[in-house]
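Since the structure of chain A is provided, determine the placement of chain B on it from the hints.
2 protein chains.
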Amino acid sequence: MAAGWQQLAVAPLFFLLLLLLLSGVLTLPLGGENKRTPTCGYESCHATKPNMLNVHLVPHTHDDVGWLKTVDQYFYGDRNDIQHAGVQYILDSVVDQLLKNPDRRFIYVETAFFYRWWKRQSSGEQQTVKQLVNEGRLEFVNGGWCMSDEATTHYSAVVDQMTMGLRFLNETFGPCGRPRVAWHIDPFGHAREHASMFAQMGYDGFFFGRLDYQDRTRRMLAQEQELLWRANIDPLTFALDKNKKNPPGILPNGYNPPEGFCWDQSCDDPPIRDDPDLEDYNVDDVVMRFLAIAKSQATAYKTNHIIMTMGSDFQYENANLWYKNLDKLIRYVNARQGNGSRVNVVYSTPSCYLQELHRANLTWALKTDDFFPYADSAHDFWTGYFTSRPALKRYERVSNSHLQTCNQLEVLGGPVSRNGPFGEGNSQTMKKAMAVAQHHDAVSGTEKQHVANDYARRLADGWRHCQVLVSNSLAALTGSSAKRIYCDNLNISVCPLTESSKKFSVSVYNPLARPVTWPVRLPVNGTAYTVSDAKGQPVDCQVVPVSRATREVRKNRGFAINELVFQVQAPPLGFSTYSVSLLQDGPPPAAATKHRAPTAIQNKVFTLSLSNLETGQSISLTQNFYWYNASDGNNSESDQPSGAYIFRPNSSTPFVISQRAKTETVQNSVVQEVRQWFAPWVSQVVRLYSDSRALELEWTVGPLPIDDSLGKEVITRLDTSIKTCEMFYTDSNGREVLQRKKDFRPTWNLKQSEPIAGNYYPINSRAFIKDDKDQLTVVTDRSQGGGSIHNGSLEIMLHRRLLYDDVRGVAEPLNETSAIFPEGLVVRGRLLLSLERPPAAADAHRPLAQEAVLQPLLTFVDGGLSPDTRLEFSGLQAALPPAVHLLTLTQWDGDSVLLRLEHQFQSRESRVNSQPVTVNLQKLFSTLEVIGVSEMNLSANQWKDEMIRFAWTPQTDSEAPPPKASGDASSTWEVTLRPMEIRTFLLRVALR
Amino acid sequence: MAAGWQQLAVAPLFFLLLLLLLSGVLTLPLGGENKRTPTCGYESCHATKPNMLNVHLVPHTHDDVGWLKTVDQYFYGDRNDIQHAGVQYILDSVVDQLLKNPDRRFIYVETAFFYRWWKRQSSGEQQTVKQLVNEGRLEFVNGGWCMSDEATTHYSAVVDQMTMGLRFLNETFGPCGRPRVAWHIDPFGHAREHASMFAQMGYDGFFFGRLDYQDRTRRMLAQEQELLWRANIDPLTFALDKNKKNPPGILPNGYNPPEGFCWDQSCDDPPIRDDPDLEDYNVDDVVMRFLAIAKSQATAYKTNHIIMTMGSDFQYENANLWYKNLDKLIRYVNARQGNGSRVNVVYSTPSCYLQELHRANLTWALKTDDFFPYADSAHDFWTGYFTSRPALKRYERVSNSHLQTCNQLEVLGGPVSRNGPFGEGNSQTMKKAMAVAQHHDAVSGTEKQHVANDYARRLADGWRHCQVLVSNSLAALTGSSAKRIYCDNLNISVCPLTESSKKFSVSVYNPLARPVTWPVRLPVNGTAYTVSDAKGQPVDCQVVPVSRATREVRKNRGFAINELVFQVQAPPLGFSTYSVSLLQDGPPPAAATKHRAPTAIQNKVFTLSLSNLETGQSISLTQNFYWYNASDGNNSESDQPSGAYIFRPNSSTPFVISQRAKTETVQNSVVQEVRQWFAPWVSQVVRLYSDSRALELEWTVGPLPIDDSLGKEVITRLDTSIKTCEMFYTDSNGREVLQRKKDFRPTWNLKQSEPIAGNYYPINSRAFIKDDKDQLTVVTDRSQGGGSIHNGSLEIMLHRRLLYDDVRGVAEPLNETSAIFPEGLVVRGRLLLSLERPPAAADAHRPLAQEAVLQPLLTFVDGGLSPDTRLEFSGLQAALPPAVHLLTLTQWDGDSVLLRLEHQFQSRESRVNSQPVTVNLQKLFSTLEVIGVSEMNLSANQWKDEMIRFAWTPQTDSEAPPPKASGDASSTWEVTLRPMEIRTFLLRVALR
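Residue numbers (our numbering), protein chains in the order written: chain A, 188 to 1179; chain B, 188 to 1179.
Chain A extracted, bound-state conformation:
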């Protein structure tokens, strides 16, 4: 990426500045007891032998935060009929076993589980664990609340979940609890943005297990399984690709022990039988097998150190089995050194292994793209989960928006938010629910149905707790304790209050740091309303009939016949309140006009021309819906079916759902829309609000019919006149953009074996196609998979319904139904299309995408408001500059808040906005005085200036070394953000 070097230059600067900042006003909020000098971290590693092959045995457990069972079922060990797994027992057992032998080591990863366990331990037990942590015998790696998915998560939720997990470790254990390495051994492909975040969080290395089988083969031969991964913001993110002995085509188990050496209770490998008085003494056999494996593995790595992960999914529930045999293995293998063996085995951790690589002082291969898509065999592309469970993916995304609003209002409303007129509320429940939802079997859609339901239930529960907080906060900010109503089903035109009330108000809270204009659509049964804004000025509003598609999807959950449509404006980090009254004798709304033959802008439904009148651009655009017939596994090339993980169409040509659509049009002063009906299970509204720069495509898909026994993967495809030259672009976790090229991978010679699935990439917030003149950007409302199979074309997968399990463990076909939709889930969503000149496209899609992610929250009050109610409020003194995104504002503890500011443009992306920009922290808030500031790493578990990471040297690096960057502006309170930079501050604040 061209953008790389400019960012690289910035890093050293941070260290410098932060030394200054540390001498400032803040006290140490970082916790942990240090009764004796700890010897954790790199110092606690076992000695190795320089002239031998050193084998690092890493005892570990991989504990999914929900997958086949819910997170709490996994914690307790409930529903062992589904899968034997009980994390409470794992931690019990590991601690017991670590105490038996000080040489033993263990790493633990998922703080969601560790937290549950920790709070049930007595203080004596807690003290024991602290001792183990302080001595480096129990080491946390990764340490987020979960091990997040990389293909379907949004960076803001990932940063949040990592922050929550690492904060718990920091406050519980202090510096010894800080993970030194990131550990993503299971996610199904790896995003560059994750590597970037991990670098900014201070990790020295990044271990993962899954990469394309062709990539792996090449890397093994080239000894490039250890490599440097250059993310954008940070000089070098170190990524280590863990040993995986299994040849491609075998089920992926890259974090398992070598074959024959699994001693968990879930394995059947022979234990070491070392009592010569008993039958089957096998020490010699075990040692010989181990030496052979170690020597073979060593050929694919560069140094005289290799790593073996001794553990797997939910292992170590009875850690004695593992440790008893590992103790023996180490003893007997090392005893061979007396007979000339040159192999040395030690208990180790990933960080100890990493330290040895660092000591080796070698140069390493460099990587700048990402690890998508992931294939573990020629016909096994893990690109289905980019779209799996689209409803859950949307609910997770909208929940993130709710949570950020909840966090902000907790800060802005003050302590009364948590305990106020509406009772006790909190953001913590929602934070935990969102953190859990980032797991790589949560928002990814690769969990069992009952677990998906549990994730959704947790989010709903979190939102209930946030609603109380939001109501309390708004009561404080408005000065009115009138009851607030939340309508979470506005997307299907359901809101009992607006359906029946003759007079109500709606407050629009905007979590962005700049004002937004937003269309509001409320279900109503009246035919005419008046709407007035916070200043009492009338607002243009229209009543339009509820569409047939909406009536069908809402079923009996609402009874509105019309929708009241108007545009609202909301101030930065604040709200504006609109009053709505029914006009008793208003005119009836204009009925939607039915057309068989399209008219006006609909006369080119399938091949319309899309124009930007401002820029004078115009492209031809065909859009339609198609479905791929999912492979059922009955195939001559491979028996791999499409499933929750895998996308595998049985033909590269999708079926069109309908060549023509029935259409209706609505056109008034607020909105123009074409309602399209393609089939009983596919409809769409093409919608343009009066002052919007984006065209909205609201799709409604489902229930996908399966009476033909064919699994279906529904896409919408945009075919344009743009000359794409086989390129298209997708974002990485909602932030930076990567270029994708058809049938191509930047780091190896791809042999393409799946022409569709092998060209699919995750789209978290946007994708675009462009040529010299035109850039068509599609902003999504959730993570989806997509590709550009033909020149000028962009397809996005919307919904999937499959009849076979894809044999990656979930053991359920992805065939979503529910009580409300027993015949199959119906999913609705929005694509926002923006057509701009390429050099200015980011100026449109960056704010558009942030609006889609952090959308306004509507709250309702029935009847009239008391006269002293404050109708408008902004938490900021002024809107932030367009390039600056307020990523995080959340209460940290009593008098401090956590603030993250982000430059939301990449360098060179925008002529206007891709420039450094400076913000004065003291002039930020309208109601809060900032009386102290300290900068932290991205995950807020380390002072920024204490974040000193290993330096690594790339093998070859054609780019010039980065120039030294200049520092922040002169004032302590002024902070400068460079393109794509996120800066994290702990602020001490007081209400003005």
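There's no promise every hint is true.
One copy or two, it doesn't matter: identical chains are merged, so the pair holds either way.
Computed list of lysine-lysine pairs in DSSO-like fashion (alpha-carbon distance at most 30 Å, straight line) [what the hints assert, rightly or not]: (1) K306 <-> K287; (2) K515 <-> K306; (3) K515 <-> K619; (4) K515 <-> K287; (5) K928 <-> K938; (6) K722 <-> K690; (7) K236 <-> K287; (8) K742 <-> K670; (9) K722 <-> K929; (10) K929 <-> K910; (11) K960 <-> K849; (12) K938 <-> K910; (13) K722 <-> K849.
Quick caveat, the hints were computed from the structure, so don't treat them as lab data.
Here is chain B on its own, set in the frame of chain A:
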């Protein structure tokens, strides 16, 4: 049993006498350290609540000493692909968990495993375990090397294995290691002789799990699941029939926890989820379910105490799962007492529960018969295993004989036996192998094939070690170090030495305490030999051709064409040596005479008349071979097939194998025999030696043909003119005899549902039928099943080959093949028939059966013996009286030996022999001086006078209270044995 009271009278006497003996010369050989006052045993029980229902939770594991895996595979946790089970980890884990909470309790049962584990522990770990034992937190129950089978074991081997296990516990832990209760929760039916032995071993109670489903139902209604079981020798053996909630017809799991409360890693029951912050809080539900179960269970028991076994097969490998949830269960259930609950739960052990029953001071139902046959449903009689694996059953029996010889020669030969001219030998390997073979899935034949092979291999290995010992000992006793050859395949006429040698000697060691005459048959290739005895006198010998059946069964393992036959005499506990020389020009042997039409004594092959010329008795006797067609489970009444456990013929009428046999006769001065050929897979030799009182039927059965896809269960049936009135008699574990009546059970109203299988009983050493005049006794050479289906008839099952598993867990059809017999195992055995007047029958069958059990051992020396070789030796000064059996003579430690003397007649069984008899211990041995004696309980883990057991009162007892018996004879060294009494002495000895 009429014999009961006379024995009862004896017991109190022992206590009295032993007080005297204790003041004698012996030091305390019982080990164990007692650094602080232990509070183990009954004193360590948790307090209960008198006015509540007390639920005794008994954490336990049931660890089969071989079954689906070998004993060492079970110990290590090897071959977990077959069954997940690793005893080393169980003990590791239980000890760890007991240390976490002093309230917790655990019982351990199988010393074969505990011993393996113990010797791998550090002294620190051992000290910790001792502490747990001393505090009653870890309690041993049963404590034998294994939990022996009750239907197919011989009492002598059971006493040995119990002694070995209990000795280890005693020497390791002292009195706190002594089990208070017997615990046979799994064996498939229960023998009265076992109850008798347990009483004599000092147990206060006997817990078991399996009894006939009809019996159980009646007992539950009558609250007779706790009962008194009167064995013969001892006043009252207390037997407790554990709770089993499962209705009949369900797979038996009487030692499992109540439904829904299994918290082992192998179970899926919901854990107690008591964190109110997490989902699925279930404490209330768990408590309610538990209370309901406890109250329901209480209705079937008499006191306000009930017991729940919290464990099962190989459970507690990760004991934390169990204890963590049990701790919570106890806490939450008992917390309900604050709300008026009257249920109290405690950690407990079977002995603590037993103590509460004893304190209740109630009267209990009385039982005097046994618990055979065991049926768990109408068509599911566990009577197949009485015969399953007949070759293993024979090998176990002959190994016992070898072991007793080995033990005796270790004592008689002195220390040089263990380390002498032939190297290091020991009896310990064989002792352990025999102890393991007593397990209820070993000699029972209910293990997998590879495990059966392992048992046999262990016995062979044990015998190899014993052979060195025996050679060393005989070298010492004979004064000759000439190499001794062992021929273990004489039963199929294989012995390379005798087949080729022209001159050799054979020593005959007799392990019985009286002289025996024994026929010797040696494979030879010469036609004429001279044999001379130890005094140089010629012995009548004959050469007869090897039979066709023998040639076929030996295959290429031997090449003898003839057998040299002569009778030898061997002194008590001693040997006699015979010299054999080939006569170069001897006459050819008489060919066997082939007959189609039977002649002389063969003219009634199928209906011959059997006469005893001495008594003048004569009965008509028909004998033939038949096979039952094993049910394949495809049956309208039940889908139960015949299998390793279950015998279920699909018709009550067996098929005759052949109405007629091809015969040959051999008749000479030594032996007369009729060789019968019924089919390629069934042949027999009817054989009568010149001075034998028993007719020998040597049967050879197999390979059972299965090309008709029918499983076969082969019987031989004796149909006689004896008027049996539906009665017949079988022994119990080779000792006392029980009367069996067709379609009848003494303690409940039997509803017979399997006319054949439901009338089968175990025959360990003999069965007989009789009327007023005649008693026909059949002495067997191994345990077999048999019945008397028709009046005057006795059938014995010889061999089984089945094509279906019988769904009791072994998961293999009982279809034995081997490398030598790939087409199916061939089994050869002997029945000895004795026809006597009933009052004198025991005088014949008691010694006959002991001869079959402890048979002479032949050893060979090639060439001539050096002139100073001692050719004859007896370890005794004189033969013991006919009523006295020397049950045990084995080295205990450096200067002491264990001696068991047994009165081998029941009272009233023999006019001559059923009288008390006195033996002088000092006049016993020819080469050993007895310088100290102390009497012990049967299992030699307690001084006899310290053996004070709970007294229990039967509900009703029609028999008069026993009269006080008189004491031993006046001398300290003279011990009196009463009918069926076994007395166990530790002797301090010195070589004279």
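What hint numbers does the structure not satisfy?
Those not satisfied are hints 9, 11, 13.
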